[in-house]
Amino acid sequence: MKTEKINPDKTAREGEYHKNQVRSVWCLIILGGILGIAVLLSLWSGSYDTPVSELLRGIVNRANDPKINIVVRNVRLPRICTAVVAGAGLGVVGCILQAILNNPLASSSTLGVSQGAGFGAAFAIIALGAAAGGGGTVIISLCAFAGSMAVAFVILGLSKFSKVSSESIVLAGVAISSMFTGATTLLQYFADDVELATLTFWTFGDLGSASWSQIRFMAVVVLLACVYFIIHRWDFNALLAGTETAHSLGIPVRRLIMTGMIVSCFTASTIVSYIGLINFIGLVAPHIVRKLVGNNHVYLIPGSILTGAALLLLGDLFARTAVSPVILPIGAITSFLGAPLFLYLLFKGRRRSC
Amino acid sequence: MLKITDLKFHYQGGPQILKEINFELEEGHFLAILGNNGAGKSTMLKCFNRIITPDAGSIVLNGEEIQKMPVREVAKRIAFVAQMVPNTQMTVHDMVMLGRRPYMQWGFTQEDHRIVHEAMDRLEVTELRGRFLNELSGGERQKVMLARALAQQPRLLLLDEPTSSLDLQNQYQVLQIVQDICHDTGISAIVVIHDLNLALRFCDRFLLMADGAVYRYGDEGVLDREAIWNVYGVHGEVAHVKGRKLVLVD
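Residue numbers (the working numbering), protein chains in the order written: chain A, 495 to 848; chain B, 102 to 351.
Keep in mind the hints are simulated off the structure, nothing from the lab. Computed from a predicted model, the values in this text were never measured in an experiment. By construction, the Cβ of each residue, glycine as well, lies at the ideal position given by its N, Cα and C atoms. One or more hints might be untrue.
Said to hold, decoys possible - To spell it out: a stretch of chain B is covered by chain A in this simulated footprint if at least three of its residues, at any positions, have a beta carbon under 8 Å from a beta carbon of chain A; those stretches are:
1) 274–280
2) 324–333
To be verified - Not everything, but these chain A residues come out facing chain B in the computed CB check (under 7 Å):
3) S662
4) A666
5) A669
6) W728
7) A732
8) L734
9) T739
10) H741
11) S742
12) L743
13) F760
14) N789
15) N790
16) G832
17) A833
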């Protein structure tokens, strides 16, 4: 009988790969756990005192106290769902944009999609006179969506017809952001006090104003985007090896980049048009996950989804509880807390990222 | 067998880069494409596996027209190792696994894993499989990229200046591995290379390019004083030193 001599050193090193895989799966489970805890904490915290058992019954409208049913189902749950869906969407979009543009700074904010939405909202409020609440909110959302998609189309057009490089796309995004920020400032110059207040409030970002139908629509868009990205997870891995190598692996690189950009921009536009400007989630979430599981999109995509959702939810929890009962603007909180976190990740640098 | 007929290429609005390239390469041979910078060597290599699309001409591998195939089918027949080696935080195993991407449906099969293990064993990188690529030396990373190319189970291996950023030991190791692969498996390999001595040591076919055209093609005999002058613009010749062939420049 043929026997194989076992090299213990080799076996140990081969075990290193499985250890990495197990570690990555555990990281995802822990991130899921953190998200679960954040959901429970968000459900529990608030000005109305609610025991945990009543809270859980309140989710299915079975709490003994009818007020708890209303608080949970009409106030806290929509807010949590909005944060989870929007955070997951912004996280995964950041992860994919960083892969397809081969740039660790890429996200919907750095590409100007958020600034386009800001201009759209400013146009709706100041030029069209849309006010917050009722039909005005719908007009603001539509204009914000149109503004962000306009930016997306300019960037897509540049990459499609001029065949510019990934670096140029990011730089074009920075230039377009600046242009739309300037245009928004010009509109603000001609606005009255009420319009200015409405616009400022919109740019703060708000997780509490989305209706169930809006949350459902956002969830469908984010879910479809996530499914598309997960199906193409190995194609995004191939891009890490360089576009020529990816092409030689039978991947239609140009189509992958264009489709990835379209899906990412549409998802980000949908989110910011409903909840306003939320920065840093798309930038920070993939970087956190990269530190934990590396660059393999098999783990990076689900990790970015979970981290994005958890970050936005925890940011919202902080915004609601820091100076309760005042709710701080979520957009400011994510930027305020996200920037130091990003700097920490940047300079900690145990391993190279992207 | 690879048969290239009347291959032409130019970039949009630019001059003709490739002018009617014609040659044939038998199975199991290791071809060096030689020439000055800008002669069209890398461009020609990228035409072979459709990274860029030639203006005219045909590329036939084992009787199959490459231009008429979907790119995924091309990837099952031709593997490419680029000049720039990725330096990303991805494990060696995952990078070699990418070689199975052309065969992948929803996920990888046991067969895919077996082939990946074989490729890693062949390149002696199995022990590194849990390490991240950005933790390896340049030579180790180049071996990983070769293992990834082998995992594609190609009939033709294309290498674009694979030794340009390697130290002497790794240059010899990498080319020795490719030569062994050609001899053992019957895979043909084409390498774009600047070092004539390395080419003479490991390759058995030589294609000299000048101004986008084939100047000469054949065995080592094509590298004579006249060819070195006409292709590189320097006076030199192939000399025999201690049983080895070396290009000596005057």
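Right, here's what the structure says about each hint:
With 0 residues carrying a beta carbon less than 8 Å from a beta carbon of chain A, the segment 274–280 of chain B misses the three-residue requirement, and the given coverage is violated. Coverage of a stretch by a chain is defined here by at least three residues with a beta carbon nearer than 8 Å to that chain's beta carbons; for the segment 324–333 of chain B and chain A the count is 0, and the condition is violated. A cut of 7 Å between beta carbons decides the hint on S662 of chain A: the least distance to chain B is about 17 Å, and the hint is violated. The closest approach between the C-beta of A666 of chain A and any C-beta of chain B is roughly 21 Å, which is over the 7 Å cut-off, so the hint fails.
Restraint check, A669 of chain A versus chain B: the minimum CB separation of about 25 Å is more than 7 Å; hint violated. Look at W728 of chain A: its Cβ gets to within about 5 Å of chain B, closer than 7 Å, so that hint holds up. A distance limit of 7 Å between C-beta atoms decides the matter here; for A732 of chain A the minimum to chain B is near 6 Å, and the interface restraint holds. Interface restraint check: L734 of chain A against chain B, minimum CB-CB distance 5 Å, threshold 7 Å, status holds.
Among the interface hints, the one on T739 of chain A holds; its C-beta lies about 5 Å from the nearest C-beta in chain B, closer than the 7 Å criterion. Interface hint at H741 of chain A: satisfied, since its Cβ lies 5 Å from the closest Cβ of chain B, which is below the 7 Å cut-off. For S742 of chain A, the interface hint holds, the least distance from its beta-carbon to any beta-carbon of chain B being 4 Å, beneath 7 Å. About 5 Å separates the beta-carbon of L743 of chain A from the nearest beta-carbon of chain B, less than 7 Å, and the hint is met.
Using the Cβ-Cβ criterion of 7 Å, the hint placing F760 of chain A at the interface with chain B is not satisfied: the shortest such distance is roughly 25 Å. Taken as an interface hint, N789 of chain A checks out: its beta carbon lies about 4 Å from the nearest beta carbon of chain B, inside 7 Å. Look at N790 of chain A: its Cβ gets to within about 5 Å of chain B, closer than 7 Å, so that hint holds up. A distance limit of 7 Å between C-beta atoms decides the matter here; for G832 of chain A the minimum to chain B is near 22 Å, and the interface restraint is violated.
The closest approach between the C-beta of A833 of chain A and any C-beta of chain B is roughly 23 Å, which is over the 7 Å cut-off, so the hint fails.
In summary, the numbered hints that this structure violates are 1, 2, 3, 4, 5, 13, 16, 17.
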